[in-house]
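Asks: Sequential numbering from 1 applies to the sequence shown in full-length UniProt numbering.
If you're looking for bench data, these hints aren't it; they were derived computationally from the structure.
All C-beta atoms, glycine included, are put in the ideal place defined by N, C-alpha and C.
Treat the hints with caution; some may be incorrect.
[Stated by the list, open to error] Here are the computed distance ranges between Cβ atoms for each label pair: (1) Q205 to L93: 25 to 31 Å; (2) F114 to R196: 41 to 47 Å; (3) A296 to E401: 32 to 38 Å; (4) C324 to L282: 17 to 23 Å; (5) E399 to G169: 47 to 53 Å; (6) D326 to G100: 20 to 26 Å.
[Said to hold, decoys possible] Calculated lysine-lysine pairs in the DSS-like style (CA-CA distance at most 30 Å, straight line): (7) K258 to K117; (8) K168 to K117; (9) K214 to K258; (10) K134 to K168.
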Amino acid sequence: MLKMVSHLPTAGSDWSPPVLPQLPTDRFSSHSMTACALPSPVTLNPSALDPTLAYAASPGSDSAPQGDGQQLAEEFQRMLRRDDVSWEQTYTLVERLGAGGQGIVFLADRYGAFDVKFRLALKFFRPDGYASVKAYRDEMGRLARVAMELASVQQDHLLDIFNVIELKGIHVQAMEWVDGFDLRYLLTPRTLDEAREGMDPQRWQYMNDVIVTKTSSQLRLKPGVATAILRECLSGIAAMHRSQLTHGDLKPANIMVKRTGNCKIIDFGSAALADEPTTRPLWTPRYAAVEVLEGAAHTAASDLASLGYIFYEMLSGQFPFADCSDGPDLVQAKHDLAENLPDRLPRDVAQNANLLHLLGGLIAPDPAKRFATAEAAELAPNGAAAFHRELIRSNLASEYENELRLWISEIE
1 MLKMVSHLPT
11 AGSDWSPPVL
21 PQLPTDRFSS
31 HSMTACALPS
41 PVTLNPSALD
51 PTLAYAASPG
61 SDSAPQGDGQ
71 QLAEEFQRML
81 RRDDVSWEQT
91 YTLVERLGAG
101 GQGIVFLADR
111 YGAFDVKFRL
121 ALKFFRPDGY
131 ASVKAYRDEM
141 GRLARVAMEL
151 ASVQQDHLLD
161 IFNVIELKGI
171 HVQAMEWVDG
181 FDLRYLLTPR
191 TLDEAREGMD
201 PQRWQYMNDV
211 IVTKTSSQLR
221 LKPGVATAIL
231 RECLSGIAAM
241 HRSQLTHGDL
251 KPANIMVKRT
261 GNCKIIDFGS
271 AALADEPTTR
281 PLWTPRYAAV
291 EVLEGAAHTA
301 ASDLASLGYI
311 FYEMLSGQFP
321 FADCSDGPDL
331 VQAKHDLAEN
341 LPDRLPRDVA
351 QNANLLHLLG
361 GLIAPDPAKR
371 FATAEAAELA
381 PNGAAAFHRE
391 LIRSNLASEY
401 ENELRLWISE
411 IE
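Work out the full structure: start from the sequences and follow the hints.
Replies: In structure tokens:
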């Protein structure tokens with residue numbers, strides 16, 4: 001069990017209650033608010049709406065706090081007049097969720113008053129691998145600034161980060177726990193085998209026709225489902241890019257599909273602000289853009305290339321670049337993929353001009369030939385949204401979020 005002290009700064013020492021503007025009385029007439037049946041006109045005293053003012057019972061009222069209630073009311077007023085508040089926060093580590101080069105993530109419960117608890121994830125960042133304590137603290141400070149910038153974005157398809165904590169010198173991030181599976185796991189054949197056990201033949205046929213099917217190496221998502229996942233990722237990445245943030249390590253393992261059928265981008269350990277690049281760039285070569293493999297800095301266009309390789313994997317059912325052993329081989333293989341894209345895709349994908357344009361605009365080796373932005377990849381005439389509209393016109397569309405939800409519900 002971990003105990004931490006929460007310290008939440010509020011207003012400064014010269015803080016005073018805000019002066020509220022006089023509310024227009026004509027908006028609170030009995031005609032416009034029949035449920036309240038207020039007389040018209042009504043004169044409201046703005047100070048009556050200010051919760052920081054001391055309680056004063058109206059003449060003849062018997063509802064004023066008495067005894068220990070009065071003491072509690074006074075404590076409430078004292079609390080509001082303070083510059084800050086603090087309390088002890090307790091977390092219980094429930095189980096280890098995963099580990100990587102940067103740290104270890106635990107499922108945890110955060111305890112509150114009345115024995116309630118809230119489930120979340122805690123990531124503990126490793127101090128090993130840094131030349132000094134100062135080097136570790138400098139990088140953790142950068143990650144803390146990135147985390148708080150991400151927290152301010154508040155986009156549905158980005159993992160929520162709640163707080164940055166320093167515990168005995170170790171950097172910890174408190175973040176949303178996502179109940180679901182990462183895309184890397186979902187694309188393994190065992191997930192479809194597990195789902196099949198409880199299906200009748202009709203449902204199994206529908207699953208293979210509309211949602212997912214097997215290939216010789218792993219699972220292949222049907223184009224509508226794969227594009228639905230891509231669109232949610234584009235939405236999240238677009239919000240990051242608008243805030244001058246890049247992810248830096250997009251790959252199937254960093255995309256979670258929730259039990260609701262929605263997607264969340266996770267793991268921002270390689271994320272960076274445009275004006276403060278990371279001092280320890282970490283990325284996965286298989287999904288890295290060509291320019292990153294060649295030594296250039298990671299940019300927003302590099303994130304789009306990574307999403308493109310993920311999209312290719314979902315559409316083709318093939319683990320990308322499995323035969324490449326080093327950087328030069330990967331660079332050449334990524335050039336070859338872009339030049340021979342129709343030959344590397346299933347026939348139903350290769351014959352669709354929208355899909356070819358979309359995929360080609362993501363994985364082009366030259367960053368200047370990719371979509372200019374994530375929004376463009378979504379909204380361009382041959383972008384992701386256009387492909388879904390094509391399916392609707394052809395009466396081939398489905399409720400993709402629900403399809404993913406049902407598939408995940410059938411996986412143990």
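Asks: Now tell me if each hint is right for this structure.
Replies: Here is how each hint holds up against the structure:
Between Q205 and L93 the C-beta distance comes to about 44 Å, which lies outside the given range of 25 to 31 Å. Checked against the given bound of 41 to 47 Å, the beta carbons of F114 and R196, roughly 44 Å apart, stay inside it. One distance hint, 32 to 38 Å for the beta-carbon pair A296 and E401, holds here, with the actual separation near 36 Å. Distance hint check for C324 and L282: the Cβ-Cβ separation is about 19 Å, which falls inside the suggested range of 17 to 23 Å.
Evaluation of the 47 to 53 Å hint for E399 and G169 yields a pass: the beta carbon distance comes to about 49 Å. In this structure the hint that D326 and G100 lie 20 to 26 Å apart at CB holds, the actual value being about 22 Å. Proposed proximity of K258 and K117 is supported: the alpha carbons are some 21 Å apart, at most 30 Å. About 24 Å separates the Cα atoms of K168 and K117, which keeps this hinted pair within 30 Å; it holds.
A hinted pair counts as satisfied when its Cα atoms are at most 30 Å apart, and K214 with K258 qualifies at roughly 22 Å. Between the alpha carbons of K134 and K168 the distance comes to roughly 14 Å, so the proposed pair stays at or under 30 Å and holds.
Figure legend: structure checked against the earlier numbered hints; the only hint not met is number 1.
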